[in-house]
Amino acid sequence: MRQSLAGDQRAYAELLRETSRMLRPFLARRLSFESEVEDLLQEILISIHKARHTYDGNRPYKPWVYAIAKFRLQDYLRAHYADQLRHAVEWSELEESLPEHVTETAISYESISAEVQKLPEKQATILQLMHQEGYTAKEVAEKMGMNESAVKVAAHRAYKILRSKLER
Amino acid sequence: MENIDDLINKLAQDAAPVKQASHPYMLSLKWMGAALAYLVFSLIFSGLRPDIGLKLQQPWFVIEMVMLASIFVATSLSAALLSFPDMHQMRRLVLAPVVTFALFVLVIFLAWQADSPPAPLPVHSFECTISITLVSLLPAVWTFYAMRKFASTHYHWAGSIALLSAFSVGALWLRLHEVNDSIMHVVEWHYLPMIACGILGLWLGKKILKW
Chain A
30 MRQSLAGDQR
40 AYAELLRETS
50 RMLRPFLARR
60 LSFESEVEDL
70 LQEILISIHK
80 ARHTYDGNRP
90 YKPWVYAIAK
100 FRLQDYLRAH
110 YADQLRHAVE
120 WSELEESLPE
130 HVTETAISYE
140 SISAEVQKLP
150 EKQATILQLM
160 HQEGYTAKEV
170 AEKMGMNESA
180 VKVAAHRAYK
190 ILRSKLER
Chain B
2 MENIDDLINK
12 LAQDAAPVKQ
22 ASHPYMLSLK
32 WMGAALAYLV
42 FSLIFSGLRP
52 DIGLKLQQPW
62 FVIEMVMLAS
72 IFVATSLSAA
82 LLSFPDMHQM
92 RRLVLAPVVT
102 FALFVLVIFL
112 AWQADSPPAP
122 LPVHSFECTI
132 SITLVSLLPA
142 VWTFYAMRKF
152 ASTHYHWAGS
162 IALLSAFSVG
172 ALWLRLHEVN
182 DSIMHVVEWH
192 YLPMIACGIL
202 GLWLGKKILK
212 W
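If you read the protein sequences in the order shown, they are chains A and B. Everything in the first sequence is counted per the numbering used here, starting at 30 for the first residue and increasing by one. Everything in the second sequence is counted per the numbering used here, starting at 2 for the first residue and increasing by one.
Worth double-checking, as some hints may not be accurate.
[Unchecked claim] Using C-beta positions, here's what the derived DEER-type ranges look like:
id	chain 1	residue 1	chain 2	residue 2	range
1	B	Lys11	A	Ser61	21 to 29 Å
2	A	Lys91	B	Leu203	51 to 59 Å
3	A	Glu47	B	Ser23	22 to 30 Å
Hint data in this document are derived by calculation from the structure and do not stem from the laboratory. We treat Cβ as the ideally placed atom computed from N, Cα and C, and that holds for glycine.
So here's chain A without its partners, still in its complex pose (with noise of 0.2 Å):
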């Protein structure tokens, strides 16, 4: 650095090639994306060159380059975390641009059961067992005298025509 404070070139070229390479692992640790690192190696190159004139010869070179380089990381930082809370969308606003209430639903129990009793005698009876009173399908295929997948098939169609009559 002496070397390149006194204007030699090529020395000073050097030194940069070598506080690049020194720096690359320091920010690719702290930045997600490589180019990413690359701008902002390139802003703290030209930190350094602005500064230079602020180095102490008689004092280590590690301490002065990374006090620079942490400075530009955490500059860079605070203006990306801004930048991305400037184009964040208000959830107040999101919900007003939202079609309809996902959450809300005209479809009461009362509904449902109505449906249910519409169904056909041995459906609606297996639905009754199975969501009422919270028999599990083996055990209504005992109480029913059926097998148990006939149960499923049965549990299954009536749930099919159930959704299309409530979809209406």
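Since the structure of chain A is provided, determine the placement of chain B on it from the hints.
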């Protein structure tokens, strides 16, 4: 990688010999010398308080002046160190104003306790704050102008400390100029506004010292 190499070559071509910045001790000495000359000139121009001989025999007044001068020295040194990206690798010395401020608060508290019966409050109030601000303007401009030539990586603190340094000159001037013995008045209209200006310096530092 090509971009970095191009940039390095460009910067190297632009690398004319540069004059190394002064050591922070020298820098702060320069600032202190200029501020001292300014203070002496201001006192010659405005006049010393007529009872200065008597006041200099009162220990609390003398200690208060010494502490104010210490704040000025500590903040000047700290501001000079904060002008360098790595604080010239003397981080502990940067905190010198914290110690002097703590001692100053203690001195003011003890002076307040000793002020019995309390000295009468002067008729004026905010005029003191305005006077201190006006006298501090020039040292503040000078310090910020000098600091801009460096590369502070802690510009908020640098701004705050620089403004405190400038205002300590103003505060010192007014204590040596104004006939006033009320410690309540001094705290309210001299020192609290000085701290408020230090807070303002956090913002000013960002505006002026960012590079």
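Query raised in the report: Going through the earlier hints one by one, which of them does the structure break, listed in rising order?
Result: Going through the list in order, the structure violates hint 2 alone and respects the others.
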